[in-house]
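J.: Sequence:
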Amino acid sequence: MSNQIPEEVIEEIRKANDIVDIIGDYIQLKKQGRNYFGLCPFHGEKTPSFSVTQEKQIFHCFGCGKGGNVVTFLMEMENYSFFEALQHLADRSGIQLPETNSKTTESSLSQENQDILSAHEWLAKLYHHLLRYTKDGKEGYGYLQDRGVKDESIDAFQLGFAPNVKDFTAEFLKKKGFHQQLLVKAGLINLREDGQISDRFRGRIIFPIRNHLGKTVAFGGRATIGDSKPKYINSPESELFHKGKLLYNFDLAKKHIRKKNEAILFEGQMDIIAAYQAGIRNVIATLGTALTEYQAKLLKRYVNTVILCYDGDRAGLDAAYKAAVLLRQSGCEVKIAHLENNIDPDSFIQTYGGDAFEKEVIKASDTFMSFYMRFLKKDFNLNHEGDRINYIEKVLKQLAMIDSPIEREYYVKELSKEYGISIDTLTNEISGYREKFGTNKDNHQKNRYTSNTVWNVRKSKLLPAFQNAERQLISYMLQNVRITEKIQDEIGAGFNIDSHKIIATHLYAFYEEGNEADVSLFLERITDSELQQQITEIAMLPVQEDISDQELNDYIRIIRTKNSDMDTIKSLKDQQKMAEQQQDPIKAAQIAMQIIEINKQLKHPK
5 MSNQIPEEVI EEIRKANDIV DIIGDYIQLK KQGRNYFGLC PFHGEKTPSF SVTQEKQIFH
65 CFGCGKGGNV VTFLMEMENY SFFEALQHLA DRSGIQLPET NSKTTESSLS QENQDILSAH
125 EWLAKLYHHL LRYTKDGKEG YGYLQDRGVK DESIDAFQLG FAPNVKDFTA EFLKKKGFHQ
185 QLLVKAGLIN LREDGQISDR FRGRIIFPIR NHLGKTVAFG GRATIGDSKP KYINSPESEL
245 FHKGKLLYNF DLAKKHIRKK NEAILFEGQM DIIAAYQAGI RNVIATLGTA LTEYQAKLLK
305 RYVNTVILCY DGDRAGLDAA YKAAVLLRQS GCEVKIAHLE NNIDPDSFIQ TYGGDAFEKE
365 VIKASDTFMS FYMRFLKKDF NLNHEGDRIN YIEKVLKQLA MIDSPIEREY YVKELSKEYG
425 ISIDTLTNEI SGYREKFGTN KDNHQKNRYT SNTVWNVRKS KLLPAFQNAE RQLISYMLQN
485 VRITEKIQDE IGAGFNIDSH KIIATHLYAF YEEGNEADVS LFLERITDSE LQQQITEIAM
545 LPVQEDISDQ ELNDYIRIIR TKNSDMDTIK SLKDQQKMAE QQQDPIKAAQ IAMQIIEINK
605 QLKHPK
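Each step along the sequence shown adds one to the number in this note's numbering, with nothing skipped, and position 297 is 301.
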C-alpha cells in the first residue's frame, strides 16, 4: 500500500507524529534514561517491559517481543491497515492524504461496520442539532437546563434529543441510503412482531457513546419524565460496542488523566457532565454496569491512581468495594470518595458547588484501607464481643496484604487505640498472616520501570559470542552509514544468522538509495513482522557514541572466526561420517570430541 502514497508524504506524516505522544495516548510512559517505559498494551504484565525511544522513533517490548515504529504500533493496536494508520496520523497532524488513495484502500472494518459507524455519526449530528436549534428538541433542552447543564457542555458531549416519533430515525437514515435491516441490527430502531418499526430512543435525551478514538459507536438514552419507561437505555452490544470495554468520556479525559496521573471514576453520565462544568476534566464513567477486569487493566495502562466516586447509598458502597478490589489487583492505587447516604456526585455539585466537591469529596478521599474498615463495619455489630473479634481479624488479614510497613503500623495503632489491643499482639497476628499469604518476600522491585540495558545485558549473556557480535554490529549499522559501508566492504552479507544476513542486505539497499540512518523509516521497508520485531530489538541495544575501528574489527574477527570454525566443523563431520562407514569407532569418537571442543569455544571464547 505504501507504494500508492508518495514517500515524501509518508515521511512528512511520520515526522509530524512523535511516537512518544502517540503511544502515550494508549499507555502511561515514564522516562528512564534516554528511553520511556510502560506496561505493554499487547500482553498482560505488572512490571513494565515496554520501551519507546524518542531518538529512534521506535518501540520494543522485551516481554513479548513486539516492536516497530509509530505506524506499525497503530496497525497492531487498532487492527488498522497501513493506509488507515497513515490516515489517522495525517488527520491528527492536519496533513492531507492524496484523495485517490483513500477511495481505493481497504479498511480493517467490514463494510457493514463502516456503515453502522456512519449511521451513528449522522444521527449524533442530527440529534444534537435538534436539541440545540429546533422546536423538536425543546423538551430535551428544557430538561437539561433544569438539570443545570450549560450549552458549552451540551456541545462538548454532543448531547441530543430524539423526537417522540416512532419512525423519525428510520425515515431520516433511509433517505441517507441506509437499509432498515442494518439499522435494526445496529439497535438504532426496533422491529416489532407485527412488522412495524419504531425509534429505539424516541423521546429521550441522547448521550453519544464514543470509543477511545472519539468515534460514536452507540447511544445512551435518558427519559425526561418519570413514566413507566426505563430511566436509561443503551444501544445493544455489538462488534463495535462492548459496555465492559468502554468508559464514557474516555476519549476527552485521556489527556487530563495523563497530566494529573489520576482518574476519577463515576457511575453516571450526568455525574461526568457536572464535574466537567466544575472544571474537573479527568473524569470517566462506566456504562450502567459494574467495572470489569478489562476496564481496570485499561486504566492501569494510563494511570497509577484511581479515585472512585460512586453514590453514597449501600449499592454505591458495594459497587465501590468491588471496583476497588479489581483496580488493586490490576496494580492501581485506589482512593474512595466519601459521599453521604442518598446523594450522588451530580446532586452534591448542584447543591454545594464544584469547589466544595473538589475539596470536601475528591481531595478528602479515603485510602482503600480506611474505606475497607468503614465498609466492613456495616456487616458487624461491634457492640457484640464475637463480632468485634471477627471484624478485627478481617481487618488484620487485609493489612497483611499491604507491603508498606509504615502504612501497616499506622492502621495497627488505630486498631489498638480503638479496641484496646496491644500493638505487639496485632503486629504478631499480621506477621502470621503475611507468612501464610507469602507476602513477606521482598517486593521492592515490583513497580520499578525496567532498564533496557538490564534486559539486553541479560539476554546477551545467553547468546554465543558470534551472535552477540552480529547483533552489536547491526545495531551500529542501523545508526551509522559509515559503519555500514565498512561492514559491507569487510563481510558483505557474510553473517552467520540467516535473519542477520537479510537485515544487512536490506540495510545496504536502504543506504544505497541515499537514505540517512533512520530506524523508523527503515522499518517502513520491511514487510515481515518477525523481522521488524528483531530489528527493533537490536536497535534498542546500548551502543557507544564513538566506537573505534579497532572495536569494530574485533566484532568482525569474531564473526569471521565463527565462519571459519563452521567450515572446520563441516569438514570434521564429513570425516566422522567416513570413519563410521569404515567401521573405525575410535577415530569417529575422537573427531566428535574435536567438534564438541570447537562448539564450546564458539559459545565461550577465551
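Misleading hints may appear alongside valid ones.
Said to hold, decoys possible - The calculated lysine-lysine pairs, modelled on PhoX-like cross-linking and capped at a C-alpha distance of 25 Å, are:
hint	residue 1	residue 2
1	K421	K505
2	K304	K249
3	K304	K258
4	K189	K258
Unchecked claim - So the derived label-pair ranges between C-beta atoms look like this:
hint	residue 1	residue 2	range
5	K591	D550	49 to 57 Å
6	R392	E413	45 to 53 Å
7	S242	H510	52 to 60 Å
8	K264	P240	33 to 41 Å
Note that these hints are calculated values from the structure, not bench results. As the structure is a prediction and not an experimental result, all values here were calculated from the model. All C-beta atoms in this analysis are idealised placements derived from N, C-alpha and C, irrespective of residue type, glycine included.
J.: Indicate, hint by hint, whether the structure satisfies it.
T.: Consistency of the hints with the structure:
1. Restraint check: the Cα-Cα separation between K421 and K505 comes to about 71 Å, which exceeds 25 Å; the hinted pair is violated.
2. As the CA atoms of K304 and K249 are separated by approximately 14 Å, the hinted pair is consistent with the 25 Å bound.
3. Of the pairs offered as hints, the one joining K304 and K258 holds, with about 12 Å between alpha carbons and a cut-off of 25 Å not exceeded.
4. This hinted pair does not check out: K189 and K258 have alpha carbons roughly 31 Å apart, beyond 25 Å.
5. Between K591 and D550 the CB atoms are about 51 Å apart, so this pair conforms to the stated range of 49 to 57 Å.
6. For R392 and E413, the hinted distance range of 45 to 53 Å is not satisfied, since their beta carbons lie about 21 Å from each other.
7. At about 42 Å, the CB distance of S242 to H510 disagrees with the hint of 52 to 60 Å.
8. Checked against the hint of 33 to 41 Å, the pair K264 and P240 passes, with Cβ atoms roughly 34 Å apart.
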